[in-house]
Amino acid sequence: MTTKKVWIVGLATTVMTAMLLLAGTPSVTANDQPSAASVDVKIDNFSFGPQTLTVSVGTTVVWTNRDDIPHTVVSTEGVFKSKVRDTDEKFSFTFNTAGTYPYFCSVHPKMTGKIVVQ
Amino acid sequence: MTNKNQDLIDQRLQDDGVDRRGFLKCMAWAGTGLLWTLSAGIPSSRAFSKSHGHETGKGGDFSFVQISDSHIGFNKPANPDVTATLQTAINKINAMPHKPDFIIHTGDLSQLSKPSEFDTLDQALKGATAKQIYFVPGEHDMLSDNGEEYLQRYGKGTKGAGWYSFDHKGVHFVGLVNVANLKAGGMGSLGHEQLEWLEGDLQGRSASTPIVLFAHIPLWTIYPDWGWGTDDSEQALSYVKRFGSVTVLNGHIHQIMQKIEGKVSFHTAMSTAFAQPAPGTAPSAGPMKVPADQLQRVLGITDVNYLVSGSSLAIVDSPLGNSSSSASGIGVVVDSLLG
Chain A
1 MTTKKVWIVG
11 LATTVMTAML
21 LLAGTPSVTA
31 NDQPSAASVD
41 VKIDNFSFGP
51 QTLTVSVGTT
61 VVWTNRDDIP
71 HTVVSTEGVF
81 KSKVRDTDEK
91 FSFTFNTAGT
101 YPYFCSVHPK
111 MTGKIVVQ
Chain B
1 MTNKNQDLID
11 QRLQDDGVDR
21 RGFLKCMAWA
31 GTGLLWTLSA
41 GIPSSRAFSK
51 SHGHETGKGG
61 DFSFVQISDS
71 HIGFNKPANP
81 DVTATLQTAI
91 NKINAMPHKP
101 DFIIHTGDLS
111 QLSKPSEFDT
121 LDQALKGATA
131 KQIYFVPGEH
141 DMLSDNGEEY
151 LQRYGKGTKG
161 AGWYSFDHKG
171 VHFVGLVNVA
181 NLKAGGMGSL
191 GHEQLEWLEG
201 DLQGRSASTP
211 IVLFAHIPLW
221 TIYPDWGWGT
231 DDSEQALSYV
241 KRFGSVTVLN
251 GHIHQIMQKI
261 EGKVSFHTAM
271 STAFAQPAPG
281 TAPSAGPMKV
291 PADQLQRVLG
301 ITDVNYLVSG
311 SSLAIVDSPL
321 GNSSSSASGI
331 GVVVDSLLG
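Order-wise, the sequence lines are chains A and B. FYI, in the numbering used here the residues of the first sequence are 1 to 118. FYI, in the numbering used here the residues of the second sequence are 1 to 339.
In isolation and in its complexed conformation, chain B is listed as follows (with noise of 0.2 Å):
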């Protein structure tokens, strides 16, 4: 994994002046001092404090690692071997110098919803140290019987389609499924049921409680023309706007792709299994071929950290290939690749 070039940061220009993989490394140095703070989607740092840094680990704040799109089973050019960089990613969290309590798998876990594929899938998952999994379906997921396959390994405890809700030491955090029931033209979709089961779950909820919420597809419109998006997000988010923090992390997309937008912050993670391209770049939204030299820096995990006494919760990704980062701040992202 080491290149002679790797810390070095392409000047390409971009509407930000940084391009994508300059952004990220900029990000990966969170981890030896420097805090990324976004303030109207603008990504803008400054020194990681000495404060900061003795805050981590007190009574009360935690990390976790959210990971997606692994699509098992998938063995085709843009990466032959999902398995294998599905493990990569598996080390990577292994190694983190501090344990996240569990991994948030934002979906399609699988390529084609086969038995063998989720296997594979729990097989290589054993490997973590962190032992508990929180799991939302991908469409790819929900490709037989109607999610059944899914269901019955992933959705125990859950309602409707797998949807459900937990708290972690002060954070709420909601599964949302928005692969189930698809209709002609649309693009995702939440469903009448699971808003109304949402808005139930939410209600009588402390508004300084931080919420999560996770999902496969973003639950903010990307670009529509490839559906990326999800036609009744308007709704659920209604829900969230009393509370003063809001997370939502999505997965699908196979990049990273954030927005702050009042008290919520968006943010989509990479894949475990390969690239999809930047919105409209593209014929279609299909598998990214990159050189397999290449392959570990369009991969990657994100970690995130809840800090007590910020109220806030940092989002770290990192790619599979270098050494794991961490951060603190409001609305803090810093996005780690594979490679």
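Chain A extracted, bound-state conformation (with noise of 0.2 Å):
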């Protein structure tokens, strides 16, 4: 009995600090809300749209090209690098970390942007 009633205590423990886990690190998406964690950058015309854009940590951001020439998305600092993207193709990155992300096409460096990561 008494080993038993341990066991269940040590159970509901884990699962609460478990809940805790989730409920304090936004990184972790929780299954039934799935919207808060995406949000699109639009490519048009040789420009990121918008060119600055504020998350909150945890969200993905896809960016998609619209453009009839292919671009890609890259970390100025090292920290994401997309694959050429030609026209309607997208590319997305989770931010899990709080900071400031500046980004540009490699093929178009005159193209830059910047997502802010709260």
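To be clear, the hints were calculated from the coordinates, so they are not data collected in a lab. Values in this document were obtained by computation on a predicted structure and should not be read as measured data. Hints are all accurate, no fakes.
Below, simulated SDA-like cross-link-like pairs (lysine to any residue); rule was C-alpha separation at most 25 Å, straight line:
no. : chain 1 : residue 1 : chain 2 : residue 2
1   : A       : LYS83     : B       : ASN75
2   : A       : LYS42     : A       : TYR101
3   : B       : LYS76     : A       : THR64
4   : B       : LYS76     : A       : ARG85
Just so you have them, the derived chain A footprint on chain B, three or more residues with Cβ under 8 Å:
no. : region
5   : 107-119
6   : 136-144
7   : 176-188
8   : 225-231
9   : 283-295
All C-beta atoms in this analysis are idealised placements derived from N, C-alpha and C, irrespective of residue type, glycine included.
Two independent chains are provided; combine them into the complex using the hints.
Written as structure tokens, this is what we have:
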């Protein structure tokens, strides 16, 4: 009996700890809240829109190339780097750490953008 | 390609009083005896003298053709069949009365650096009667693995990202690469290593040696907002200042632009694939859609003639659809459209 009760208490603590961890770590996306996790950046006319995007930690940013010319999405500081994206192709990256992430198109380096994660 | 309006010069005025197409048509007359010279960037014409005609073909004289921006693999409305227009360009080169010694392709051979795109380009170029073809890469040719695919195919014997030089009948040619390792916010870039190589390559050459520099992105600043320039081109151009004749041939902007600065004449070529808007006249530099029957009028090739007697290069651009043209003289530029 005693042993069983201890086990149950132990299990409950583990579950609660896990739940607390989940609640306190926004980078883990809860299954019932998928909509908060994704934000779009459109590539139109050789520019990223919006050029500066502010998202919360854990957000996945999805870039879509809508030009007739291929582009890339490359972090200036080497954090992420897409393959070449032709018309209508996408690239996504999930930002799990707060900070400012400047990026550019390595094919057309005049194209620059910034993701601010907070 | 015949068009009843083909020989009319459009009188719509631009800065110089002649619209671009009219200007190009004037240029195309060079083959029938009108010589265009450029002085301080302003074109003027005079009749082709007989003596000039006789000089062509003398020992040492030669010509070569520049083609550019073939974008094999592009299939959007601006040109759904870029292989066909490249073929038209090759046919036009093959039909030239004076056979070019070689062809220079100033980059963007492909749209996406795919092996199949390079294969298609190679297949088409096999049909050129000029067997020697020199390449430099455009940014579209370096899209995968830092340009490995390009370098394996076209970079044999080159340095760094694919730069090299060669001599032909007394003229020194330098192929430069300004599309590798581009920096955020910047334009084209040659980089320190290549600049050092260039300085060494030119060192010790006689100042009377005609120099031809060719690269994909213009080596002069045309429109920084669209990245139409090369951040460190000034450095490169400082190395050629002492030479008596310098010709700079570029692509990338899919339209003809030219400028003379001292002994240096700059020239950009038309694309064989699609046109791009004039600087600042559109939201971006993306492919410009024109009516299908107008397409070959905005595509073309560039014929460059070197005459030993004049120690000068003549540049002739031809539309894909017209008969080819020729000209001679210092800084002569004649552009020919495909159609």
